[in-house]
Amino acid sequence: MRTMTITRTGTLLAAAGIGVAALTGLAACSGEERSEESFCSTVNDHRDQFTAAMDTVTSSANIGDGLNQAGDAFNSLGDMWSELADVAPEDIQDDAETMNRAFGSDSDEAEETERSGGPLAGLSDALGTAQSAVNINTYVNEHCS
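Those letters in the sequence shown? Residues -27 to -1, 1 to 118, per mature numbering (1 follows the signal peptide of the UniProt record, and there is no 0), in order.
Pair by pair, the computed Cβ-Cβ distance ranges are:
# : residue 1 : residue 2 : range
1 : S14       : Q104      : 19 to 27 Å
2 : E5        : S118      : 12 to 20 Å
3 : H116      : S32       : 25 to 33 Å
4 : N17       : D64       : 13 to 21 Å
5 : E5        : A25       : 19 to 27 Å
6 : D67       : D28       : 27 to 35 Å
7 : S32       : E10       : 29 to 37 Å
8 : D28       : D64       : 25 to 33 Å
9 : Q66       : S32       : 30 to 38 Å
Read the hints as simulated data drawn from the structure, not as lab findings. Glycine included, C-beta positions come from ideal geometry on N, C-alpha and C.
Whenever a hint applies, use it, and build me the whole structure from the sequences.
Written out as structure tokens, the structure is:
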């Protein structure tokens, strides 16, 4: 009876070890890692999209088209903040998470801002996150080309 208990316990421990290893492997493959390279790649992907949208806004003869493009550009930034929060290296992670909480597309605060008055209602968020924005801008200028 004692041999069966030890064997059963050993089998359970081995199965648990395999399960943990499998989950660890899946977690490593499930998304981008926190790194300078991933962070800069995300910034550059959205920087191009945002710059192109803003160029369209400023060159549009039709104010309606310009406003639609501005909306697209700001939505792009909302997505950027959530993506940056996921890949930011440790030295900029807190700032990226702060910006995501305030402006990210999956943020409750962003949804509340949209319901309560749009971009002007977000001014208090902007003031509260100014240092994080400065820190991210400095990081981008120093690490991302």
